[in-house]
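**Student:** For reference, the chains in residue letters:
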Amino acid sequence: MSDIFKLSDRITLLPVVHGSGNFAREIRSRLLSTPCDCLAVALPEEFQTTVEAGIEKLPHITVSCLREPNGGVNFVPIDPCQPLIMGLRIAMQEGIPRKFIDWNQPEFEPRSILFPDTVALQGLSFEKFCAAIMVSLKRPEADSFHDLRARWMAFQLHRLEMEHENIIFICSILDWPWVKEAFAERKEYREPLPAGATPHLYDLRKNSLYFALSEFPYVTSLYEKYRLNLKSDRNTSIDGIKEILLHAREEFVKKRRLRYHGLSAHTLQMQLQYIRNLSILDNRLTPDLYTLALSAKQVGGDAYAIATLEAAKEYVFQEDRDSSLETIDLSIEQAVIDSEEGAVAAINRLSETDMEWRRLNLSPEPEFEKQGEWKYNWDPHGQCSWPPEDEKIESFNTHVREQSKILLSNDLARSEKFTSSVKDGIDIRETLRNWHTGDIYVKEVPPSRGKVEIVVMIFDDEPSPDLYTWRQTWYAEHEEESTLCFFATEYLEKMVGPGIGQSVYGGCMTIFPPRPIPNIWDDPRMRMADTLEEKLLEAAFFHSRERHVTVVSPNAPRLSWRNLARHYKKRIIHIPLKRFSSQTIDKIRYFHVLNGKEIRSYAQRFIRDM
Amino acid sequence: MNHNERTLKIDGVEIHLSRPDTTEPRWIGQTDLLKQILACWLVVSEKDLPLSPRIVGMPGIGKTTLAMAAALERKQPLYIFQCTSDTRPEDLLISPVLAESGKITYHASPLVSAMVTGGICILDEGNRMNEKSWASLAPLLDHRRYVESIIAGIQVRAHREFRSCVTMNSDESTFEIPDYILSRMQPTLKLDMPSFNDELAILKYHLPFVDDEFLNLTVEFLQRSHQFDLDFSPRDGLHILQYAVKRLRQDKSHPLAKDDYWREAVSKVLGEEALDLDELASRKRRALGGERMPMGLGDFFFSGDNPLHPDSDS
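Quick note, the sequences are listed as chains C and A, same order. Heads up, the first sequence stops at 610 in the UniProt record's numbering, and the numbers go up one at a time, no gaps. Heads up, the second sequence stops at 314 in the UniProt record's numbering, and the numbers go up one at a time, no gaps.
Honestly, the hints are just simulated from the structure, not real lab data. Glycine included, every Cβ here is placed at the ideal spot set by N, Cα and C. Errors might be hidden in some of the hints.
[As the list claims (entries may be wrong)] Among chain A residues calculated to face chain C with C-beta under 10 Å, some are: (1) 35; (2) 49; (3) 57; (4) 296; (5) 300; (6) 310.
Excised from the complex, chain C in its bound form (with noise of 0.2 Å):
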């Protein structure tokens, strides 16, 4: 090991940023890999015997609280991430005793920097990485807490090396100077003023992992993992924001039981790049968890940045009601421990690095007791879409049927030498290709034969009838609209707001100009159908007046479909759902049912952007 790290012969000093992964890495294997008769940390002496219990509880996160005469608290999170914890557990994993020699008064006083991101740590030894920091350290002033800490630090080193022969203290690399210097010059010390309190080890909330954990809740649930498998954790704080990312998407397509989606290997990969650049233009090399969210919503909507936002603060060993330990809830700088006092000051001993909390525009899955409540109060005599989406589907039937139209007239354009009209415009490929002729060619593109009255989308290859259970067909409120009849999941299923519930739709017909058709679920004139898909396309072919209907399906129709069609004398043009890209077709599927109009005036708040 380096000299810069030796106080004495037999004083070893690791100075670390609290709350970084790859520092209590660090740790972890210089005491593995060094002698070692006492590990000495910075911390009071009357919290070891509570953090050492929390220690013992890991990986089930705790707290270590003290009562400040304010009425604040101040506390240790028991977070197996945070160097000096690791340290300590290492510890006692090897037998070795602990000192916890930090000076102590009723109030903390906290300090925050912006420190270099410490994954730098892969790449650069850790004295390097500790030397180039110590730069830019500022001296305490005379006399302050952290003067009076690092002095009394200094003092207590020494006493223990009177008992012990190989001494390794971890703390702050803001102390490290300080200590050094106080005990090299043998400064004077004050007594450590009595607490007025012993602390208190608390259970943590789930919800509130994220504000006492200094990596991601999931990353250290990786680091967690690894430990328990004895598998390498060397790239866990990049590799893990990758997993992240894996499970995210995973949840997200089992939660929407989406077939297709957007979110490809190339995709993960661009949104990785952005990550990447954006933490660089703040400058870190990490991402914090309004990059990680601001990126998933930017790359796979809100509904992937939530499930990203669950998954980054997903931690598989914490269960709120297994602890025997009273709990504590944290937030920023804040804890409620007794819900009838409320929120008080709270302060993290072991987090010095500048914490920003930004904003961001993300509608949450309702609770499920909101959900019921809803739910429960919905008007059976009410029901009506949410216009948007209205417009949505009118928009994209609009342009499936142009798309029949060119498909009916492809094949009749034709080019023909320039004598008098243009007509639909000069072609300008024909004329090059005869350029050395001198003649000038004009295309002409006649009327395609026919027009689409009807157009079918079905959404999924063999949809399910116990999962599409809602049949309807609904009439067209004006001009503008399309009948339309569909097969979809039961909005009460799913309430996303007062008097709103989602559906998805398996499939769905629309019939424009708009003319009111009996209800074609309960209409006994089709019996041909087996399935679902084969009900609204019968109902298709038997209400058309146009002789082709359009079919937008996952796969080109099947021999039944055919015979359907030849039986009501019509003809399928078929375009692939493929051809139009996922969030289109999301953005179609998924829409809102509300209990009645008057629910229209607010719906906007409760309806996520897919």
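Assemble chain A onto chain C, guided by the hints.
**Tutor:** Structure of chain A alone, referenced to chain C:
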């Protein structure tokens, strides 16, 4: 390349280049978005490639201005291509033009001009363009970074410094863009309506001669319309102010009529129903009741009434 004549020879074919846009717009507010575009265009090594983001939002909100401001920040020549529903691949790349001599000359579009000069190209209102035109850009938007001009019979490779972005309106598009193109235009940067102070600063910047009373009236009106998710943009605000000021100039003798002119401007620019914002607001309030809408990052950790909620202002 001959800079004066702005012509370039590629594989023996002489190409005439477009001129860059020299406007120098100023971006006001929403600085995060500017940073996000710059992040997309950042490359950190030889093998790294820039991203081509989509900028989306309501019309008149400043999407093109944002992209122009980002280009200005990077100090690169800026080219803007206005996409339309009848834009053909050759319009987007290289068009043949019959010269006076009777020969064909090849003219590079703003996009190709940006590609070869190492500039930045904004494909404005990209969702107006059809699939066929988009397809011609597929190799440009991935690691290949070139386009093939069928008309000129050449392959044009993009300069290392070439960057691009696409603006799209949130209204219904003329064409649906296929997946393989959308996946190349990532991420999607959504521009929201500006805050009160930003909107005021925007209007003041463009119309510095308008008095504060008119400005405040307009910004308050726009802000309230944003709250009700109406599609009135800062551009509408500019039009209202311009019209109101011109009407006021016609009749300087009645200073008390200011408010009337402003109301007239609103109804002429946005229609009569725009004056009914109050009625719209009260209806909305009645319908919404006391329900709180969860809408932020903090809602993923604590419920809205929790004192620990990180987004609460207390």
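**Student:** Give a verdict on every hint.
**Tutor:** For each hint, the structure was consulted:
At about 6 Å, the closest approach between the beta carbon of residue 35/A and any beta carbon in chain C falls short of 10 Å, and the interface hint on this residue holds. Because the beta carbon of residue 49/A sits about 8 Å from the nearest beta carbon in chain C, less than 10 Å, this interface hint is met. Evaluation of the residue 57/A hint against chain C yields a violated restraint, the C-beta minimum of about 12 Å exceeding 10 Å. Hint on residue 296/A holds. Least Cβ distance to chain C is approximately 6 Å, under the 10 Å limit.
With 10 Å as the threshold, the beta carbon of residue 300/A comes within range of chain C, its nearest partner Cβ sitting at about 5 Å, so the hint holds. Interface restraint check for residue 310/A: the shortest CB-CB distance to chain C comes to about 5 Å, inside 10 Å, so the restraint holds.
Hint compliance for this structure: hint 3 alone is broken.
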